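K.L.:
One line per chain: the protein sequences are L and V, in this order.
Position 131, counted from 1, in the first sequence is what our numbering calls 131; the numbers after and before it change by one each time, with no gaps.
Position 4, counted from 1, in the second sequence is what our numbering calls 4; the numbers after and before it change by one each time, with no gaps.
Since the hints were made in silico from the structure, they are not lab data.
Please note: incorrect hints may appear among the correct ones.
Derived Cβ-Cβ restraints for the label pairs, each shown as a range [to be verified]: (1) V:Ala120 x L:Asn491: 33 to 39 angstroms; (2) L:Asn491 x V:Glu16: 46 to 52 angstroms; (3) V:Glu16 x L:Ala656: 25 to 31 angstroms.
These numbers were taken from a predicted model, which means no experiment stands behind them.
Built from N, CA and C at the ideal position, the CB exists for glycine as well.
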Amino acid sequence: MGKHKVTFHPSDRHIFVDEGENLLQAAMEAGIHINASCGGNATCGKCKVKIVGGAVASPMHAELSDAEYADGYRLACLSTVTGDVDVDIPLESQVDKSVLALKGDRHAAPYLLSPKDIFQLVQGWDVDPTVFKRYVELDPPTLNDNVSDLTRLTHAIHRQHGINGISSDFRMIMKLSRLLRKADWKVTVTLVQTRKGYKLINVEAGDNRQQNYSIVLDIGTTTIFGQILNLNECKVAACPDGACDGATVFAMAEASDYNPQISYGEDVITRIVYSQKPGGLKKMQETVVSTINGIIDELLKMSRIDRSLISHLVVAGNTTMTQLLLGIDPKYIREAPYVPTANLIPPVRAVHLGINVGDHVHVYLFPLVASYVGGDIVAGILGSGIFQREALTLYMDIGTNGEIVIGNKDWLASVSCSAGPAFEGAGIKFGMRATRGAIEEVSINPRTCEPMILTIGRVKPIGICGSGLIDAVAELLEAGIIDQKGKFHQNLPTKRVRKGEDGYEYVLAYKNETRIQNDIALTEIDIENLIRTKGSIYAGCKVLLKSVGLGFKDLDQIIIAGGFGRHLDLEKAIFIGLLPEIDARKFIFVGNGSLLGARLLSFSKELLKETERIALMMTNLELSNHTGFMDEFMAAMFLPHTDASAFPRVQERLRARREAA
Amino acid sequence: MAFAIPKTTYTGKIKEVVLGKGPKAITVGGETSYPFHLFEGEMPHPPRIAIEVYDTAPDDWSAAALEPYRDVLSDPVAWAKKAAAYGADLIALQLVSTDPNGLNTPSDQATETAKKVAAAVDIPVIVNGSGSPEKDADLLRKVAEACDGMNLVVGPVVVENYKQIGAGAIAYKHTVAANSPIDINLAKQLNILLGNLGVPDGQVIVDPTTGGLGYGIEYTYSVMERDRMAALTQQDERLQFPIICDLGKEIWKTKEAKAEDSPLMGNAAKRGILMEAITAQLLLLAGADVLIMRHPEAIRLVRGMITDLMA
Numbered sequence: 001m002g003k004h005k006v007t008f009h010p011s012d013r014h015i016f017v018d019e020g021e022n023l024l025q026a027a028m029e030a031g032i033h034i035n036a037s038c039g040g041n042a043t044c045g046k047c048k049v050k051i052v053g054g055a056v057a058s059p060m061h062a063e064l065s066d067a068e069y070a071d072g073y074r075l076a077c078l079s080t081v082t083g084d085v086d087v088d089i090p091l092e093s094q095v096d097k098s099v100l101a102l103k104g105d106r107h108a109a110p111y112l113l114s115p116k117d118i119f120q121l122v123q124g125w126d127v128d129p130t131v132f133k134r135y136v137e138l139d140p141p142t143l144n145d146n147v148s149d150l151t152r153l154t155h156a157i158h159r160q161h162g163i164n165g166i167s168s169d170f171r172m173i174m175k176l177s178r179l180l181r182k183a184d185w186k187v188t189v190t191l192v193q194t195r196k197g198y199k200l201i202n203v204e205a206g207d208n209r210q211q212n213y214s215i216v217l218d219i220g221t222t223t224i225f226g227q228i229l230n231l232n233e234c235k236v237a238a239c240p241d242g243a244c245d246g247a248t249v250f251a252m253a254e255a256s257d258y259n260p261q262i263s264y265g266e267d268v269i270t271r272i273v274y275s276q277k278p279g280g281l282k283k284m285q286e287t288v289v290s291t292i293n294g295i296i297d298e299l300l301k302m303s304r305i306d307r308s309l310i311s312h313l314v315v316a317g318n319t320t321m322t323q324l325l326l327g328i329d330p331k332y333i334r335e336a337p338y339v340p341t342a343n344l345i346p347p348v349r350a351v352h353l354g355i356n357v358g359d360h361v362h363v364y365l366f367p368l369v370a371s372y373v374g375g376d377i378v379a380g381i382l383g384s385g386i387f388q389r390e391a392l393t394l395y396m397d398i399g400t401n402g403e404i405v406i407g408n409k410d411w412l413a414s415v416s417c418s419a420g421p422a423f424e425g426a427g428i429k430f431g432m433r434a435t436r437g438a439i440e441e442v443s444i445n446p447r448t449c450e451p452m453i454l455t456i457g458r459v460k461p462i463g464i465c466g467s468g469l470i471d472a473v474a475e476l477l478e479a480g481i482i483d484q485k486g487k488f489h490q491n492l493p494t495k496r497v498r499k500g501e502d503g504y505e506y507v508l509a510y511k512n513e514t515r516i517q518n519d520i521a522l523t524e525i526d527i528e529n530l531i532r533t534k535g536s537i538y539a540g541c542k543v544l545l546k547s548v549g550l551g552f553k554d555l556d557q558i559i560i561a562g563g564f565g566r567h568l569d570l571e572k573a574i575f576i577g578l579l580p581e582i583d584a585r586k587f588i589f590v591g592n593g594s595l596l597g598a599r600l601l602s603f604s605k606e607l608l609k610e611t612e613r614i615a616l617m618m619t620n621l622e623l624s625n626h627t628g629f630m631d632e633f634m635a636a637m638f639l640p641h642t643d644a645s646a647f648p649r650v651q652e653r654l655r656a657r658r659e660a661a
Numbered sequence: 001m002a003f004a005i006p007k008t009t010y011t012g013k014i015k016e017v018v019l020g021k022g023p024k025a026i027t028v029g030g031e032t033s034y035p036f037h038l039f040e041g042e043m044p045h046p047p048r049i050a051i052e053v054y055d056t057a058p059d060d061w062s063a064a065a066l067e068p069y070r071d072v073l074s075d076p077v078a079w080a081k082k083a084a085a086y087g088a089d090l091i092a093l094q095l096v097s098t099d100p101n102g103l104n105t106p107s108d109q110a111t112e113t114a115k116k117v118a119a120a121v122d123i124p125v126i127v128n129g130s131g132s133p134e135k136d137a138d139l140l141r142k143v144a145e146a147c148d149g150m151n152l153v154v155g156p157v158v159v160e161n162y163k164q165i166g167a168g169a170i171a172y173k174h175t176v177a178a179n180s181p182i183d184i185n186l187a188k189q190l191n192i193l194l195g196n197l198g199v200p201d202g203q204v205i206v207d208p209t210t211g212g213l214g215y216g217i218e219y220t221y222s223v224m225e226r227d228r229m230a231a232l233t234q235q236d237e238r239l240q241f242p243i244i245c246d247l248g249k250e251i252w253k254t255k256e257a258k259a260e261d262s263p264l265m266g267n268a269a270k271r272g273i274l275m276e277a278i279t280a281q282l283l284l285l286a287g288a289d290v291l292i293m294r295h296p297e298a299i300r301l302v303r304g305m306i307t308d309l310m311a
C-alpha cells in the first residue's frame, strides 16, 4: 500500500500517510493545527479546510453550504486521504509560520509513537506456549487390554506426540472416564509445562485444538488491564465486530478497569496499612478478584470466546498488588528493610483465588525483584527485549509507581518512585482511562487559544486520558497560556481560561460538544498533579543514571511503557520535561509493558528461564532513603525543568514564543 | 617549597543591582568569589544593612528590642528617620498590619504610609508586605505605582503573586525581592519566571527565607551556600543575583530572645543582641548582600565584622 503525500498550506508542511488515513489525524501528526472541539465527531464543524489539489473522500455536511462544497471546502474529520492532496488551512485555524517553524519536523523524525509489539522487540524466540493442546485418538479398552483410562490416555499421548513423564491433575481425573466414552475415545488434551515436566490438566471431547486461549492480566495500583490471547495464532484475540481504523476501537479483546482497591487507598502504602485491619487483607483480595472477573467477563463477551476454552492465566503486577491478589500478608513490604514474602511464586490454581475460569486453569505470576520492584517491571524487561540486547537501554514504566530500569543483557539496575496516577487519568478532574471518548490528542492555537482535540473512537469527548494530558499541558505552555510553573496567565484574549470552582482552568470542550453534562476543563490542580508525576519520574531517571555514573546522553535507547493512551507524542512529552531532550530516534514506545511481557511468556515457554534470570539480575536502588532524590524532584517540578541547559531546544522555543508575543 | 593556598576557580559573577535613587543609592552584588574570599576574587560592594521600621506599634517585642525605638513606635516616618540616624544603609518598612489575619489595614492606607516613609528619608527603602500572597499582590502593586521611579525593593514576591507584583516593578521601575521557601530549585524557578515575565535582571534580588539561630539557620546557610556555588562555579545564570535576608524579625520572636533576665540565661538584652549578630554573621558568610536587622547594637557588631573581613 502506497503512501500519500499530504501538504498543508500556507505553511507548506507535508506528511506521508497511508491510504485511508483521516485528514484531521494527518494534520495532528504533521503538527498542523486545525480548530476542532468535538473530538473528530463531525458535530462542531470547525475543522473546515479547502482542498486545493488532489482529492479526498469526504461527504457533504450540514456545516458546509453547497457553494462551499463545490468550492472544495470539506470537514477534515470526515475526509479520508485517497491520494496526494493539497490542503488549505483557513485563516481562523492558522498558526504563524515562525511559531510553526520551531516545532519539530515531523516529516523527518517520528514524533507520534505507536506501541511496538514483542515481534519487533524480542529476537529469536520460538512459538511454543507453556500451555498447549494435542489431539489424541485412543483404542477402546478390551478384556485383554484393560489398563486404566488414565494410563491409556498417557500412553496414547506418548505414542502419538512423543511426550513423556506426564503427571496429572486430580480434577481432570474426576471427569475422565465418562468423557472418554462420550467422546468415543477421541479427545483433545491440554498440557502444561511445569518445572517438573508436563502436567495433564484438561481433556475435552473431539478435536478442539483450534481453540486454545489464555488471558494475560496486568494488575496495576490504579488500573487493571487484561487481554485474551489466541495461543495458536500468537496474537491478541480479535473481536468479531471490531476493526482497527482509528475510529473503531476494541478491535482486539482487551479491557481495563480501575483497581477497586483504590477506595481503600490510592497508593500501595495505604493499602498495606488497610490490609492490616481485621478482615482487611481478605477484603482487598476479594475486591481485586471481583474486578478481574468483571474484566474476564467483558473479554469473553467481546471476543465471543467460551469460558471453558481459556486454559492459562499470566499475571504481572507490582509486589504489593501480587501479594494482595494472592492474599499474602504484605506487612513487611512496608517496614524497613522492605522484604517481600517470596520472589518466585509457584503457579496457583485460578479457582482457588476466586477467579472465574475453568478449574484446570493455573495462574502464572511474574517473579518479583524487591518490595517496590515487582513482576510488572520484570515483564516489561522481558517483553521489551532489553535482556537480550547489547545496547544500553533505559526502561521507564510510567504508572502510579514510576519504575525505571537501566541496563542491557549483562546487567540491570532499577528504582521505583511514587509518581501518582495522573497519566492513568486518576487525580485529574476530567481524567479517564484511555478508552472510547477520551481526548487523546490536543493542539492549541497560540494566537486564538482555540483547541484541536481528537478522541479515541472519534466520538464526542467524555474526559481526557494520559496522552491527551501530555499534549494539553505542552500546548498550553507553548501557547503561553500557562507559565513554567503550570499556572495560568490571566487577561488572555480567550474565554476558555476562566476561574472555575477549583481555581483557574482551560476549557477543552464546552458542554454541548461533550457527552457529559459538563464543560471538560483542565484545572491548575490537574496540571500540578501532572507536574508532580512527571517530575518524580524524571528525577527517578536522573538519580538512577547518576548512581551508575551515566547521563541521558550515554543511552542508546529509551523504552517507554505506560497506560496513557494509544500513542505517545514524543515532542510534547519532551516539551513538558517528562522525557529527556535527546535524539527522537532513540525512543521506543511499548504501551503496557507488563502485558507485553505476559504475552511473550504465554507464547513461548522457553522464556520462563529468562524471566527468572531477569529478576535475579536486577539490582534495586532504594529511593526512600536517597539524599539526592528530593533535590532532583524539586528541580524537575517545573516545565520543562529548572535546569534549562538540559532542554535547550524547548528553551529556545519558549524564548521565541515570548518574543513573538 | 613555599606553600601555595589552594584557590577556587570561578566562572560566574553575581549581577549588580542598584537600590534606591539619587546620591544615597547603593549597589549590591558584583561578587566574583565566595563571600569575603578576597584572595580569590572581588567583592566590589560590601554587604549592606537595612533597619526595620513597622507600620504599626509592635505589641509583642521584648524590652531590649523596643528600647532603641521607644519614642517612635507609632510613627513610621519618625521611626525611619531614627533608623537612618542609627546609620542604616536602607530602611525596611514592614507593612505587617496589612495581614488579612491581623489588622487587615487596607492596601491604600498602607500605600500612603509607604509613600510617606520613602519620601522622608534619602536612603533606599525596602517595602515588605505581610506575606499574604493575595494581599501583597494588591498592596505591593499599589506601592509600586505610588512610589513610581523611586527604585524601592518590594517583597516578598512569591510564585503565587509574581505576575502582579512583577508587572508593577517593571512598569514603575522597582526591584523585587524574590522569596522562596528555603529551596535552591524553587529559588531558581522563581527567578526564571520573573525573567520570563520581563523583569530585568538588574531589578531582582533573592530572598531565600531566613531561619534564626537555633531555628533552622543551617537550612538557610546550606541553601545559600549551594546557591553561591551554583552561581559562581557552575555558571548557573539564573542564580547569579544578590541575596537579601530578613533576619531581625526571626531572631526577636524566638523564645530565647524574649525570655527575661535569669541566672541560667543571663542578661536578656545582651542575649538577643548577640543572637541577632551571630545570625547575621552566619548569613554574611553564606553569601548575604543585604541584611534586614533590628537592634542598633547588633548592627554595630556586624559592621565591625564586615569592616574587618573587607580589609
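K.L.:
Each of the hints needs a verdict: does it hold here or not?
P.N.:
Against the structure, the hints come out as follows:
Checking the proposed 33 to 39 angstroms range against Ala120 of chain V and Asn491 of chain L shows it holds: the Cβ atoms sit about 36 angstroms from each other. The hint said 46 to 52 angstroms for the Cβ distance between Asn491 of chain L and Glu16 of chain V, and at roughly 33 angstroms that hint is violated. Hint check: Glu16 of chain V to Ala656 of chain L, Cβ distance near 29 angstroms, so the stated range 25 to 31 angstroms holds.
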